[in-house]
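Top to bottom, those sequences are chains V and A. Numbered by the working numbering, the letters in the first sequence go through residues 1 to 118 in order. Numbered by the working numbering, the letters in the second sequence go through residues 119 to 346 in order.
The reader is advised that the hints may include incorrect statements.
Here's a subset of chain A near chain V, in silico, CB distances under 7 Å, partners left out [as the list claims (entries may be wrong)]:
1. E121
2. D123
3. V124
4. Q126
5. K127
6. G240
7. C244
8. L306
It should be emphasised that the hints constitute simulated quantities derived from the structure, not laboratory data. This structure is a prediction, so every number in the text was calculated from the model and none was measured. Cβ atoms here follow ideal geometry from the backbone N, Cα and C, with glycine treated the same way.
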Amino acid sequence: MHETGLAADAYRIARDAADARGGGAIESVTLVVGELAAVEPELLAFAWEAVVAGTPDAGSRLVVEWRRATQRCAACGEIAERAPGSWLRLCPVCGDALAVTGGDELDVRSVAFEGGNA
Amino acid sequence: MTEIDVRQKVLAANAAAAEALRNAFREAGTLVVNLISSPGSGKTTLLEATARALRDRLRLGALDGDIATERDAERLRRQGIPARQILTGGACHLDARQIEKALAEENGRLSGLDVLFIENVGNLICPTSYDLGEDFKVVLLSVTEGDDKPFKYPAIFARAAVTVVTKADLLEHVDFDLDAVREQVAALNPSGTFLTTSSRTGAGMAGWFALLEKSLAGKRESLAPAVR
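Put together the whole structure using the sequences plus the hints.
Laid out in structure tokens, this is it:
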């Protein structure tokens, strides 16, 4: 359960960004989380509530944008039909080995807050 | 209401600390290996066997992450290599700042090494996210844990450059489809290395030792032009 630490890091980044624009209370923070980031979105949202409790940002929302990892074949491009939780070793079209790309995102995408200047 | 783009990595602070460690390890020519697995997969046992095999040829050392007890570091010190326990006090992983602090507190006893092993807290999930400045991650999977683990914990198997199946001497007693595991790992990590070992019988261990020596030589070689 490392989501508490991650939520605290995300909160620090979001609060600093809002402060830099003279912003007030945070309304929502959007995180991009990849399928291979080893992070559980529901635990992250739960941890967020605990992290902001007792701060002026209590009640703010954490929004998670989920990103799947993609499997690509050098010749045939992205493999579309992969079932969630399953991974292919070879391209179903040409039989070549596939590469895994993306899915490791763990980024603070945006922050919405009261007042301030965009 | 104002909405602004931030686009910052949540782990940016850890990444900065890891980069500083990586630079220091590069300068020292130390190969750093981050070992990750479930509790009881045999990380410490693999390192004990590694110490016995390589301690006369290479300067080895270890950092051992655990929630409680000094047991793992003591086991490795008994094999004649310097080892320091990092007690996380409940945290499920090591982060780069803990590595920095532990190395500073060792005051040189864990510097100038050929290979530094970082034995992470036993956990297949949380340690995956934290860069410790290592050259590569190694994931261990013991045959008693079951052959469905790579797809169940895809993040670590996709990121670890090396997968080591441990306790292979027990293969005949358990339903563990080694080929299925090899296929899953190859799907997640086509360029990864897959080893099957038994620290108890020594089977497959030569491949692990060779991988360490080759990785160290490769690192030193890549540094050579800068050193000259």
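Find the hints from earlier in the document that the structure breaks and name them by number, from lowest to highest.
-> Failing hint: just 6.
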